[in-house]
Structures are given as structure tokens and as C-alpha cells.
Amino acid sequence: MQETFAEYTARTAFERPLLSGVAYAERVVHSKREEFERQHGWTIKTMQREPSPIRDEYAPVIFSQETVSYIESLDMMSGEEDRENILRAGASGKAVLTRPFRLLGSHHLGVVLTFPVYKSKLPLRPTVAERIGATAGYLGGAFDVESLVENLLGQLAGNQAILVNVYDVTNSSDHLIMYGHQNQDGDLAFLHESKLDFGDPFRKHTMICRYHQKAPTSWTALTTAFLFFVICLLVGYILYGAAIHIVKVEDDFHEMQELKVRAEAADVAKSQFLATVSHEIRTPMNGILGMLALLLDTDLSSTQRDYAQTAQVCGKALITLINEVLDRAKIEAGKLEMETVPFDLRSILDDVLSLFSEKSRNKGVELAVFVSDKVPEMVMGDPGRFRQIITNLVGNSVKFTERGHIFVKVHLAENSKPMAEAKAETCLNGGSDEGVLVSSAHQFKTLSGYEAADERNSWDSFKYLVADEESRYNASINMPLAGETSQNVTLMVSVEDTGIGIPLIAQDRVFMPFMQADSSTSRNYGGTGIGLSITKCLVELMGGHISFVSRPQVGSTFSFTAAFGRCKKASFSDTKKSNTEDLPSSFQGLKAIVVDGKPVRAAVTRYHLKRLGMLVEVGSSVKMAASACGKNGSSCGTKNQLDVILVEKDSWLSGEDGGLSLGMLDLKQNGHVFKLPKMILLATNITNAELEKAKAAGFSDTTIMKPVRASMVAACLQQVLGIGQKRQAGKDMLNGSLVLRSLLYRKKILVVDDNMVNRRVAAGALKKFGAAVECADSGKAALKLLQIPHYFDACFMDIQMPEMDGFEATRRIRKMESQANEQINGGSMDEESARKGKWHVPILAMTADVIHATYDECLKCGMDGYVSKPFEEENLYQAVAKFFKAKPMSEL
Amino acid sequence: MLGLDADRLRADLNRLLAFLFHQGILDEQYLQLQQLQDESSPNFVSEVVNIYFHESEKLLRNLRSSLMDREFSDYDKMGIHLNQFIGSSSSIGAKRVRNVCVAFRAASDQYNRAGCLRALELLEHEYCILKNKLHELFQIEQQRLLAAGVRYPMLN
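Those protein sequence lines, which keep their order, are chains A and B.
Once you know that position 12 of the first sequence is 12 in full-length UniProt numbering, the rest is easy, because the numbers rise by one and skip nothing.
Once you know that position 13 of the second sequence is 13 in full-length UniProt numbering, the rest is easy, because the numbers rise by one and skip nothing.
Hints may be right or wrong, so weigh each one.
Stated by the list, open to error - In silico lysine-lysine, DSS-like type, Cα no more than 30 Å apart, as pairs: (1) K131(B) x K784(A); (2) K767(A) x K58(B); (3) K767(A) x K131(B); (4) K58(B) x K780(A).
As the list claims (entries may be wrong) - What follows is a set of in silico ranges between Cβ atoms, one per label pair, in the way DEER data are often shown: (5) V261(A) x Q142(B): 23 to 33 Å; (6) S40(B) x K815(A): 29 to 39 Å; (7) L785(A) x N50(B): 45 to 55 Å.
In case anyone wonders, no lab produced these hints; they're calculated from the structure.
All C-beta atoms in this analysis are idealised placements derived from N, C-alpha and C, irrespective of residue type, glycine included.
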């Protein structure tokens, strides 16, 4: 039997890989022990291989697999616990596990799985007692847990890193280790617990897996974390940097803003400083000049006088400079305001011309002005500033020109376009070879025959302008020009000279202040270089722009445009009356011939004569004029009688025989009844010898020295023709105070000032210029005196007065006047108001504070201007000139 | 002899004027004033200056009495007085007096009584100097006129 069992179990062992071996123990009750022992021939032994003590029941192993043959005859029930287990197995009929113990053979920890074997068939639902009774024996198999786990979890257990412990946890307080070391250090942090079920519901097992060593630090995780950290750091840094940058930029911005504010403040301060300082310099300079004037009055030796005069000239130059700087500062500070008053452009140009006539004559430079007929006689604008611009430009030209001419031309800006077209036309029509011809002859068709930088003023284009004018003039008789209806008129003024020109490198900084073409210390020409920059500012203030064309050694042409307002018809006729006072009307209808080889110059002369109302023809040579004269004589008509022949000196010299024939002509015509035409020579400069010769040739009447000006021509003609006996205002004789005198003479002026001293001084100053002055010591008194009708021509009003200040007084006066005017308009026209037309007495504010003068406020309350207190001649003149027209000198 | 004397006096006069200019007591306005004097108004300058003295003394009296008043508070009125003073001083070209007046007005604008008192004292001092110098000037003028035995010529 034993052999069979052993062989069978050995052969089927592969089916039970987990069992180290199986054995069969028979159930032997004590009563049958002896019989059993006898039968088998051995005694029942306990596990300790001692003869078994007496018990109720035994379970000695009778068959065993060879691997566990050493347990044969051992009583499986010898241990108390084993016994219970086995009995439990018998009772339940299910497999039962023992608690782990050291297996006898291998000393491995193991458990024994016990199955009951029943003798006979059991009923379907056997009771415990029936089962126990039927139990024949027990089949046990030993699980070698270690090898079991190693087999089962070979994968896991083989991994050195993982520690597997299997516990028997039937007794929850005392875990029995079945596999693995009890106290092995391991990573207690990560452990996995899982239940094991070996099929015995009574015993519970747990398997705990954990890492053998502490979990190795994860490099990837660390690196990732580190990288993440680094990225975070970088991003943070970037954000921080950005924030810092923003803050910095903001700070910078604020700083810049502050700097900008400071720079602006500095700029304002600079202008203010300039204004103040120049003002402050002006004050002592006036003292110096005044003292020099006093000094020059004393008896001085000629050397002393020379010194003093030099000092005076220098002082005057300095004052001029300071005034320019002051102008510039005012412009920069935005304090310069343009006036809008009607003025006569032509007379201003004449004035400027007369200013430079002496200088240009000494240099032998021709100076001429031409104003297009289409330019309105009176325009609205700032005459002072216009004069300043022209003076600056012409002054520059005079300074830099040694030969040739300086030509100021004014025409409407719209005209420049057809002119440009005309120019292009001449170029197309073989203008180029004509140019060659002209240049080879060294005669250009300009005013003086010298080449000019800008050809627009040469006759080629100029004649179009003149011709255009003629046609327009004829056309305008029938229909008014469209342009004249518009409010504004834009004038184009060009100042042409044949001077040294501007070096090309210096041309782009001509308009910069204090920049000069030649700023070296050894330069030929003086000056500060501020003039042109001021001119530019002024032109821009007038709503125009300035440009220039310049060719070194040929000349420069400065042109600027400026917008002026047209005069209203009413004021136009008003001012026109006074204007014609300026130029005598006694030459209306006189006939004249201008003999001049140079058409541009002839046109200029013609322009001046036409202003006197004369009918002018131009002849290019004396012969032509003579023939015209002859025709005149033969026709014998008194209607077409020729009155004057004006001959340009150059033409006369070039055609001397013509001059002789002219003399002949004179003789020939002597017999006729009608008056001989007067012969007048035009010359820039003339030597005594030439003068003698001219007289001999028949120019006995007079010689007009250039520059030609209408008023001067008028004076000469008066002398020659003996008409208009009243002496005309020789403008070049006037100096400032005389002009003022002419303005203020016999004007009734009211001076309102609460300060007795001021009143007395103002009255004295005005009386000196011939005005009849009355005084009022308060605004109220002034109001009383100015009750309409009154005879005052103007009122000078102090601003700061107690009780009623200047502004208030002016407001009331204006109110009074407007009421009076309404009454006039209402129909009650008396003789007085008819004379005046409209009540409006010019009121000028007197203020001690010029720089801060609230000019606006003055205007707002109805004043017409202001003068600084104490009076300065120039200032007074500027203010007064707006209202009064000069009375002819003869009346003074 | 007389003519030489006149020349000397004229030199004196010019010297004194130069001194006054240099010291800043007078400015160019005084010259303008002199220019206003001609045959038609031979005493124009002295006339104006006398008005000035008369008015100024009145103003100074007013200023002093109002500042001496313990309960004084009417700075506006004082400002009006000072404006008058400034106006008339600049009209005759009394530059230093004018400057002191401007400072006085500034103090008055700030209701600075101590400053006003200081300025008043300075003003009286300056006014004294001006008056003395102008008297001196007129005296020399008169002597010169006597010496020259002619009408006062136009200084132009």
C-alpha cells in the first residue's frame, strides 16, 4: 500500500507544484491504538518522535510521498492546535490550514493543508456528528510557503528591490510571519497589502509587498521639477524684469515729462529773459545815447567830436540789434501780434526806397520798385512789420551788392503762375539760344543789365506780367475781376539783387538766427545774422512763406508771399482821399515818353509816372522818342500834346547823336505854338562833367536822381512844369519827430490821467508835436468832456485810475458813442455828425508796463491801441499813425 | 569871462547829470523831459518837477501817517498811493525812487507792515537825495542861464 501511494503521489507531484509532499493519516481512536500499532508494527509517535501519550484519537501518517517519508508514523494530532485543525477539518468537511510552522524536513516555514477522508458516503446534508463519525482519515499536504511564494511570486520575489512578507493574521494581535524576514528594514512608506486566500475560511493571510530599499529618488521627476522650477524662475524673472522695465520706463517718462516742462519753462524763461534783458539794456543805452547827444551839443574839438560821433553810431547800432533781439524774443514768446490796419503798400515801399537811396546812390547801384497795378491801393495788414520785412531784405541786398541793381517787385501771387508758364514758353520757343546770345553780349534783360539769380524778373517774363496787366485792365473796365470780390489778397514780393550771392553751403542755414554765410572773424560784412530769421518769422506771421534763389557772384532773389485783407469800400474811399493828398493830382492826364533801352527799368519808371496819373509811352531809343515827338508836332493836336520826355542816362550816352537830334528837334519845334516837351534826365549817379554835357545836350530842365519815386518825380515835375505850386511833402526830409509833428499838428487831444505829473509830462510831449492838449484828472471828468458832440481827435487814457479805471471809462465812452451813432442812423443828421460820419474817438491806453501790457484787454473794452508810458517817440508814432494822416509839411 | 563861466557851469551840469545817471537816481526819461522843454515852455522841467515834489510830499505824508496809525489796515489805499508815486516817478525819470516804491508796493501787497516801514524809511531817504540833487541841478542851471545871459537853449 505504501509503495503504491508513494509511487502515485510521486507521479502526480507535477500536478501539485505547490505542495512539497502529501501524506495520508488514518483516524485512530484510542481504543483501537493497540490493534493499530500491532498491525503496522510501530508505535504512534508525536511530532517530537517520541511515543505518543494517550489521547482520544490519533492521526498517524500511514502513507506518505517519498519527499516527506520522514513523517510516517507521526501523529498529526500531537500538537494541540494541529489537533483542533484536523478535527475541524473532519467536522466541516473542508480543507483546513494549520498555522505556519517549521517543516520537519526542510526547516522551511510551511503550512499543512488537511482534507478529511470519509469512509462511506455521507448524506446530502451531513451533520457535524455524522461527518466526524464517517471520518476515516486525513489527507495532508505541506505547503512550503517559502518555496510557494518564491514559485508564485517568482517574478516579484526575484526582484531584489521588492520585499514580500506573508503573514498569517488569523490572530489579529499576533501576526505570524510565513514568508520573509520579520524585521527587515524597508521602505515603510510604500507598501502594498493584499489578502491571500488559500481556501481555508478560518485562517487569514496577508501579503505585504514593499520596496527592499528606500525608494530610489526619481531623477526624472527631480529633473522635471528642477527644470520646471528653473522655468518658473526664468518666467518669474522675465516678468519681474518686465515689471521693473515698465516701472523704469514710467519713471523715465515722468522724468522726461518733467524735463520737458522744465525745458519749456526754460524756453519761456529764455524769451522772458531776452525780453527783460534787452529792455534793461535799452534803458541805460538810451541814457548813453542821450548823454552822447548832450556831449555832441557841447563845444568839442574835432577829434573829440569824432570819438563821440563814433560812440553814438555804435550805440545806435547796438540799440538796433537789441530791438531785433527783442523782436525775436517777442516772436518766440508769442507776444508779437500783427495789426490789421489799412495801409498803402506803395508808399511804404517808397519810404523804404528813400531810406536806402543814399547808400545805393553812393555805391552806384540802381534801386527800383515796381508794384503791379492789380495790387489794391490799400490793403489791410501790419504796415510796420511789412516795412520791417522789406527793410531787412533791401538792407541785406544793399549791404551785399556793389554793382548792378536791387529790384523790389510786388504783384498778386496768382500772377506768378501765368508768368511761370510764359517762362516755360519762352524756353520752348528757342529761349535757350536767345539766352546764349544774351550772355555772350554780357547784357541780361534785367533791370540794370546784370545777370540775376532768378530769371523771373528779367524782361522775358516781366513783359507777360505787364501785358497781362494791360489786358486785364481793359477787361476790368467792363466787368469786375473775380479776385477782387474775395476777402484776402495774397501778394508776392520779390527782392532781387546782383550782389555777391549766398555760398551754396550756407544756403540752408540762411534763416537760422545768428547764422551768417561767413561767420569768420575776418569777414567783410558786419551784422548779427538775426535779421533774416526775424523776417522769416514775420512772413510766417503774415501767413506767407519766404524763399530765395541765389547764385554766388551772380546775386540773390528773395521772394515771399504775404496775405493781406482787402479794404472795405467805405474805408477805402475814406483813406483814398488822404492818400491822394500824398501824391499830387495835378499831373493827371499829362503825356510822357520814357526813353530807356532796358524794358524792365522803363516799366518801373512808367509805373511811377502812372501813379501820378500820367499817360506814359515807352521808347527804346532817343530816335524813337524823337520820331514820336515829331509825329506829335505834325499832328498839331493840343489833345495829344507831349509834355515830358524822360531819358535814361544810359540810353542818352549810348546814342549821343540822338541827343543832338533831340536838340535839333527842340529848335525845329520852337516855332510852333505849343509848349515844348520838357527834357528830364534819369540817372543813378552822375558826374559834374556829365551834368554839364547833359545840360548842353538839352536836358536843361532837371535831372531826376534815382531811385525813382513817385513823390520825388512829382516834386521834380512841379519844379519843371511850374504846376501845383504848393510844396509837397519831401518825405526824405522828414525825421521821426517831424513826422510825428505832421501827424499830431493841431489835433485836439484829451489826456486822462489821475497823476498830475504824468498828465503834465504827457501833455508836454504831445504839445511838443503841435497838438492841442486838454487834460482830465479822472475817468469821470473825461466822460464829461467827451459828451457828444465834442471836438477831440483822440484821447490818451491812463489805465490805472482810482474810482473809474481806463477800461471802464472807455467802455462808457464807447457806449455813449454807439447811442449817438444810432441816433444819426435814425435820421436826425445834424451838420456835426455829417462831418464826422460816425462817432468814434480813438482811445489809446497809456501804460507803464509794455511787456505785460494786456493789449487784448485794451481792445476788448474798445480801445484802439496803447502807448508805453513814459512816451517814446517811435512808440507814440506807431500808435498815432493809425489814426491820423500826415498833414503836408507846408501847413506846419 | 561870463562865457567861460557858462561853459564851466555847463560842464558842471553835465557832470552832475552823468553822476545822477551813473548812480541810477535818474534815467533817460529825464532827458526826454528836458527835450520837451523849448521856447514855448521854457520852464517845463522845473514846473513838472515842482509838481512832482508837491505831490510826492503829500503822498509821503499820507503814507507815513497811515503806517503810523496803530490800527492801520487799509493796504489797498496805500497801494493806490504807491501806484501814483510810481507813475509820477517814472514820468520824471526818478529811477531809484521808483524802484523803492515798487519794493514798497510789493511789501504792501503782502500786508508786511515791517517791510512797509522799512521801505518807507528808504523811500524818504531816496526822495531826500533826489530832491537835493535836483535842486542842485536847477541851481546850476539857473547860474548857467545867468552866466550865459541867454535863454535856456534846447538840449537836443
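Now the hints, each set against the structure:
For the given pair, K131(B) sits about 36 Å from K784(A) by alpha-carbon distance, which is inconsistent with the 30 Å threshold. Using a Cα cut-off of 30 Å, the hinted pair K767(A) and K58(B) holds, with the two alpha carbons roughly 28 Å apart. For a cut-off of 30 Å, the pair hint linking K767(A) to K131(B) stands: about 27 Å separates their Cα positions. Proximity of K58(B) to K780(A) is assessed by CA-CA distance (about 23 Å); at most 30 Å being required, the pair is judged to hold.
Against the hinted window of 23 to 33 Å, the Cβ-Cβ separation of V261(A) and Q142(B) comes to about 60 Å, which falls outside the hint. Our hint of 29 to 39 Å for S40(B) and K815(A) holds, since their Cβ atoms are close to 37 Å apart. For the pair L785(A) and N50(B), the beta carbons lie near 26 Å from each other, so the given range of 45 to 55 Å is not met.
Going through the hint list in order, the structure does not satisfy hints 1, 5 and 7.
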